[in-house]
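Engineer: Chain A is fixed; fit chain B with the ligands onto it per the hints.
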Amino acid sequence: MLQKEEIRRDNINDTFSNFKVELWRYQGERGALIPLLQSAQETYGYIPESAIDHISEIVGIPSAEIYGVITFYSQFRLKPMGKNIIRICDGTACHVNASTAILKTITDELQIDSNETTEDGLFTLQTVACLGCCSLSPVIMINDETYGRLTPKKVQQLLDEYRNADGNGG
Amino acid sequence: MKTIKVGLGTCGVSAGAQKTYEAIKNEIELQNIQAVLKETGCNGMCYREPLVEVTDEQKNSFVYGEVTPEKAKTIMNSHVLADKPVAEWLVQSTRPSEDDTFFKKQNRIVLRNCGIIDPNSITEYVATGGYEAIQKVLNGYTPEQVIDVITRSGLRGRGGGGFLSGVKWKFCRDATGDRKYIICNADEGDPGAFMDRSTLESDPHSVLEGMMICAYAIGAEEGYIYARAEYPKAVARLKHSIREALARGFLGKNIFGSPVNFSVKIKEGAGAFVCGEETALIASIEGKRGMPRFRPPFPANKGLWGKPTNINNVETYANVPWIIMNGPEAFAAFGTDNSKGTKVFALAGKIQRGGLAEVPMGITINEIVFDIGGGIKEGKKFKAVQMGGPSGGCIPASMGDLQIDYQQINQTGAIMGSGGLVVMDESTCMVDMAKFFLRFTQDESCGKCTFCRIGTKRMLEVLERITDGNGKEGDIELLRHLAYEIKNNTICGLGQTAPNPVLTTLKYFPEEYEAHIREKRCPAHSCSALLTYSIKADACKGCMACAKACPAEAITGEKKKAHEINTAVCIKCGKCLETCKFNAVIKN
Ligand SMILES: Cc1cc2nc3c(=O)[nH]c(=O)nc-3n(C[C@H](O)[C@H](O)[C@H](O)COP(=O)(O)O)c2cc1C
Ligand code: SF4
Ligand code: SF4
Ligand code: SF4
Ligand code: FES
Ligand code: FES
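Quick mapping for you: the protein sequence lines, in order, are chains A and B.
Using this note's numbering, you'd call the opening residue of the first sequence number 22 and step up by one each time.
Using this note's numbering, you'd call the opening residue of the second sequence number 15 and step up by one each time.
Bound conformation, chain A alone:
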């Protein structure tokens, strides 16, 4: 059984792990499961099995139940994600403004479908319904940046920018 003390020790060796700090801070608050999962995902880019084990031990919820929660919410990933997360909007406004053409440009360009990651690990593509920027539709979000009024050409440029940023070690 994992003890709080061990996590703390672990944490010292870990360069910086928000997730473990959060776990360490846990004081038995109700409803902590989802925020802890969010923190794990933010730290590792996905939810590793070890994180589920840690949460299960500390919070006292069986792993099976945690998996149930993870699979219910579309935000959570059990597999590592690409370096850049592209979220393409297919909400009503974007759909009406030809978001399918944007999606096609991205899938052609990256050779992946929605919910897949490129072989080089640079991009993961997700389709979402509405990024809340409908007046600038069609819209995509790359990591925490939102880009609006897109055309297939602009999307290509954007992808190139992110590729180059990676090439330059950025």
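Source of the hints: derived by calculation from the structure; they are not laboratory data.
Heads up, a few of these hints could be off.
Unchecked claim - Derived lysine to aspartate or glutamate pairs resembling EDC-like cross-links, with alpha carbons at most 20 Å apart:
1. B:Lys33 - A:Asp129
2. B:Lys302 - A:Asp129
3. B:Lys589 - A:Glu130
4. B:Lys589 - A:Asp129
Structural biologist: Only chain B with the ligands this time, still in chain A's reference frame:
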């Protein structure tokens, strides 16, 4: 000294406002300009983003639209330094502008501070009279009196259902429980709506103040804001605002020096539309799968952790301080008999001026689309508006004179919804629209009720075969039958309203369904399976551009001679149509 404000809401930033802001900041530092640079939220003119407002020494305001970093430099040099406003880029000022009609029919209660104050500054909120309403309540109203004021104002919940807020508050006040909670629903799941995001980003304190007043009225000491995962900026601003309010003693123990305690926590959603439904939302805050449960018991009696809980939408709360300060009569002076006050609509789709408009209830659809929204893009024809998202429906242009209030909208088969108003033109296929929403609800169904889980899937299959050109006689009846069963055999609003987009398009656009089924034709030229591409021989110059662009090598022809498309090979990607400079490619 002049003040310069840049709109840095999510929309603004995605239109490039951050770069504009940096350019102005640079210019100020480089030239050592004596001016104050501030950030603000969204004033609603999203279609003109990035927006920059210059306020001069006489307090005259000049709003510039579509300000790129280069334009910003010019504005700094000409207007800020030399007092010569750049007239051609102005969208709102003392001078008349074509954009003035955008504001003319609006009445701003919820959006009163949006795009005006700096959302990161509690001082600015206070300076506009913020947090006076809560103090007025703490100093002179009993909880019952607060509830009475809200009831008399006629305020209805803005999250979609339209339930009278005062009545709901009373249920929760009267419920017995040692602890009570209030929740602000900021899940904003309707794809095509962004009023709540913009309000939270542009004026977070007004929502917090509304929650405080509600908490006092109900007797709750803890509040939660449940915000969508896709809204990082709104969450960041809220967190900041809560810290500011705590530091001033507006939140926490003994707020404003009164005996009342109130604290607020933020919970971020994890990407599930159904969590906008109140019982699912509560389950999600409790850390569980967000499954709706059968009601009653209602959250007012048995909500978060089994305790009496009041849940309202962002916009509902944002109205509350204004009502307290201006009185219920002032609020009820706007609107119609059964729908009081204003409503914020998010205008999007094929409309010229996409953005946020707050209008009095009772305004007509045409007034919103044409007077405020400036009509349809690219001079096309107005076909329909979609209201209420996946729970709502399409109202045809022929009913444009319909007054927007809860009763009249419900009679069309659509719903008021949370405020998404997506405008469609002649190139939007109504069957495709119905399919779009059904795919959405099918994806988002929590799976608890068989009819919601399987029924929507069957409906989707029927719609898919219709748009693929494989529709059969009897499909329309089958859709109606499934719709009826789903409506009557599901426990939450998601399932109960899921058939609405299909039912309204069937009601107002039956001929489009028939054209797809009988003639294998899509009147809007939108469903790709029913389209064919061809080249008009007399218009084709034989430039070969399309043949090069075609990914399927479906186009043949010699240089300078008319080209042809082999429809058996064509994958209908549309590249040739895009490529041809001579309009020789046609689709039908
Ligand atoms: C499937 C579904 C999704 C909903 N999504 C939202 C939402 O995103 N935001 C919201 O305020 N209300 C939403 N609601 C309505 C809420 O259940 C609830 O009625 C509302 O938050 C009450 O607040 P109000 O009275 O201020 O409108 C949704 C309801 C259903 C059935
Ligand atoms: S109607 Fe649909 S979303 Fe609602 S509880 Fe039933 S299955 Fe779940
Ligand atoms: S629609 Fe696409 S596949 Fe068909 S002819 Fe044109 S370019 Fe080729
Ligand atoms: S691009 Fe247009 S003009 Fe050129 S060959 Fe194709 S159809 Fe003819
Ligand atoms: S529909 Fe795409 S951002 Fe809203
Ligand atoms: S510019 Fe952002 S909501 Fe309008």
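Engineer: Of the hints given before, which are not true for this structure?
Structural biologist: 1, 2
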